Amino acid sequence: MSRIGNGRNTNFWFDNWITWNGKPQNLYDLIKPGIVDEKLTVVDFLDENTNAWDMGKVREVVQGLVVSVIEEAEVRNSECEDKVVRWGEKNGKFSVKSAYRLALPEIAGDTLNQHRITGDFMCVWCNIQCEKRIGVLVGGWNN
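Okay, so the sequence shown: first residue is 1 according to full-length UniProt numbering, each after it adds one.
To be clear, the hints were calculated from the coordinates, so they are not data collected in a lab.
Here the structure is a predicted model, which is why all the values come from computation and not from measurement.
Fair warning: there could be bad hints in the mix.
Unchecked claim - Straight line, CA to CA, 25 Å or less: simulated PhoX-like cross-link-like pairs of lysine-lysine:
(1) K83 <-> K39
(2) K23 <-> K97
(3) K57 <-> K32
(4) K57 <-> K39
(5) K83 <-> K97
(6) K83 <-> K57
(7) K83 <-> K23
(8) K23 <-> K39
Could you put together the complete structure from these sequences and hints?
Shown next, in the form of structure tokens:
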């Protein structure tokens, strides 16, 4: 997914830079507009003076709910380059935890709460008799 900085390196139609239903999405696949100017970048829809969305230009090419999604899309800074980030974490770094968070709603659907595990699991590690170096690895050793 592209994180918008100055908007010069993110294609308006074909790069995944908006979020639709909680997932990265490109505008072309979302609204299937037919023939488009393939060279348009996000900066073409930003006000030069404020680096904010020029909603008049946006409304010329998209309508409906997509307009409000674009309006909510954050534009960071006109001095910074656009950046491709991994979906799932605000810092742009992807991890096993990110994958779990992204996959769980699809796996569990409406039964998400059935798959949550609660409790203090450190007590499990404290009561296991194992070599000291393994105990240190899993969270400390109190002996």
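Here's how the hints hold up against the structure:
1. K83 <-> K39: holds, 18 Å
2. K23 <-> K97: Measuring from Cα to Cα gives roughly 16 Å; hence the hint holds.
3. K57 <-> K32: Judged against 25 Å, a Cα distance of about 18 Å means the pair holds.
4. K57 <-> K39: holds, 15 Å
5. K83 <-> K97: Given pair K83, K97 holds - Cα atoms ~22 Å apart, limit 25 Å.
6. K83 <-> K57: holds, 23 Å
7. K83 <-> K23: The hint holds at about 17 Å.
8. K23 <-> K39: Holds, at about 24 Å.
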